[in-house]
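Protein chains: 2
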Amino acid sequence: MLEVLRIGHRPDRDKRMTTHVCLTARALGADRALVDTADRALERRLGKVTESFGGAFEVKTGVKWRPLLKATDATVVHLTMYGENIATWEGPRWEALRRSPHVIVVVGSTKVPGELYELADVNAAVGNQPHSEVAALAIFLYLLQSGDALRREMAGGRLKIIPQERGKRVLDLVQFGEVTPDGEGFEL
Amino acid sequence: MLEVLRIGHRPDRDKRMTTHVCLTARALGADRALVDTADRALERRLGKVTESFGGAFEVKTGVKWRPLLKATDATVVHLTMYGENIATWEGPRWEALRRSPHVIVVVGSTKVPGELYELADVNAAVGNQPHSEVAALAIFLYLLQSGDALRREMAGGRLKIIPQERGKRVLDLVQFGEVTPDGEGFEL
Numbered sequence: 000m001l002e003v004l005r006i007g008h009r010p011d012r013d014k015r016m017t018t019h020v021c022l023t024a025r026a027l028g029a030d031r032a033l034v035d036t037a038d039r040a041l042e043r044r045l046g047k048v049t050e051s052f053g054g055a056f057e058v059k060t061g062v063k064w065r066p067l068l069k070a071t072d073a074t075v076v077h078l079t080m081y082g083e084n085i086a087t088w089e090g091p092r093w094e095a096l097r098r099s100p101h102v103i104v105v106v107g108s109t110k111v112p113g114e115l116y117e118l119a120d121v122n123a124a125v126g127n128q129p130h131s132e133v134a135a136l137a138i139f140l141y142l143l144q145s146g147d148a149l150r151r152e153m154a155g156g157r158l159k160i161i162p163q164e165r166g167k168r169v170l171d172l173v174q175f176g177e178v179t180p181d182g183e184g185f186e187l
Numbered sequence: 000m001l002e003v004l005r006i007g008h009r010p011d012r013d014k015r016m017t018t019h020v021c022l023t024a025r026a027l028g029a030d031r032a033l034v035d036t037a038d039r040a041l042e043r044r045l046g047k048v049t050e051s052f053g054g055a056f057e058v059k060t061g062v063k064w065r066p067l068l069k070a071t072d073a074t075v076v077h078l079t080m081y082g083e084n085i086a087t088w089e090g091p092r093w094e095a096l097r098r099s100p101h102v103i104v105v106v107g108s109t110k111v112p113g114e115l116y117e118l119a120d121v122n123a124a125v126g127n128q129p130h131s132e133v134a135a136l137a138i139f140l141y142l143l144q145s146g147d148a149l150r151r152e153m154a155g156g157r158l159k160i161i162p163q164e165r166g167k168r169v170l171d172l173v174q175f176g177e178v179t180p181d182g183e184g185f186e187l
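Protein chains in written order, with numbering that gives the first Met the number 0: chain V, 0 to 187; chain Z, 0 to 187.
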């Protein structure tokens, strides 16, 4: 079980950033995104992506993260630019994480309560420079899965992208035809 | 020379996303971010980060990307979920890119003009799933530099993060003291 927990979400101000956190979690093979503030619109938005493009990814919002992190048996990795640089991690460190049956990767928004540093098993920095939490999450999930996440097919979707050297090709598996996408990201 | 070109930037709507694109470009070792729409506030915001945390990263906005891409000798890589999945790339493909003296990595916003697919030398997908352009950029830059970007020190800044197992430690190299950051990302 691989989960991403987003804390400090403000539905109005962080709409796009948290959407991108969730899209990144899904595209990089997480099973579920948990978001602290209730946000049904966010759940619906990501639900549509999964309906269209497959997989079993879920978004759950309104999650009380303090009791969750206190009670969980999962290995909790908090991504923060103040933590230990993952570039210095040796193989066994990654292997231990990969063996863990349940990992929760936590990303904050602008402000992160100091308590989180204590609740986390690991405070990990994807480089010790000011960063984007989306970028940090992407690289971390990529490395955690040894790059396999990008190769994985997601079953059960209606649409399937056929990689092209130029232009766009998308199959509609329900209508057995091609669709013509008019932009990136299907207007997320 | 490694540059990131962001097109389709709308200063009001995309403020945070484009800031995160630029932060990612800087943290992952790009020399410069180019942004199509003029946005002095964005230049200033990133200028402050570089002033504080070092390096020689620059942001240039108001860049006319069509003439730029038509005239450049650089290898132009457009990141798009419709492109060839980089997970299928073999080593020589990466090596060729690494040997190129000038690479421009292009990321769009929601809508990308079809012309871009023709102007790019490579249309590359960081997985063929709906994604975040910030996430895609992060993984691409990471792999392009074989992970070295996260190890690099950035010289000349005023502040230096000292990686910690718990909590935050930041040195002020000018005042020779410690500062107490009160949140992630220094309120970007």
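If you are wondering where the hints come from, they were derived from the structure by calculation, not from laboratory data.
Computed from a predicted model, the values in this text were never measured in an experiment.
For each residue, glycine too, the CB sits at the ideal point set by N, CA and C.
Don't take each hint at face value.
Derived CB-CB ranges, DEER-like [unchecked claim]:
no.: 1; chain 1: V; residue 1: ASP120; chain 2: Z; residue 2: ARG43; range: 36 to 42 Å
no.: 2; chain 1: Z; residue 1: THR71; chain 2: V; residue 2: PRO112; range: 43 to 49 Å
no.: 3; chain 1: Z; residue 1: ARG150; chain 2: V; residue 2: ARG39; range: 25 to 31 Å
no.: 4; chain 1: Z; residue 1: GLU114; chain 2: V; residue 2: ARG39; range: 17 to 23 Å
no.: 5; chain 1: V; residue 1: GLU89; chain 2: Z; residue 2: TRP93; range: 42 to 48 Å
Now the hints, each set against the structure:
{"no.": "1", "hint": "V:ASP120 to Z:ARG43: 36 to 42 Å", "in the structure": "38 Å, holds"}
{"no.": "2", "hint": "Z:THR71 to V:PRO112: 43 to 49 Å", "in the structure": "46 Å, holds"}
{"no.": "3", "hint": "Z:ARG150 to V:ARG39: 25 to 31 Å", "in the structure": "42 Å, violated"}
{"no.": "4", "hint": "Z:GLU114 to V:ARG39: 17 to 23 Å", "in the structure": "38 Å, violated"}
{"no.": "5", "hint": "V:GLU89 to Z:TRP93: 42 to 48 Å", "in the structure": "23 Å, violated"}
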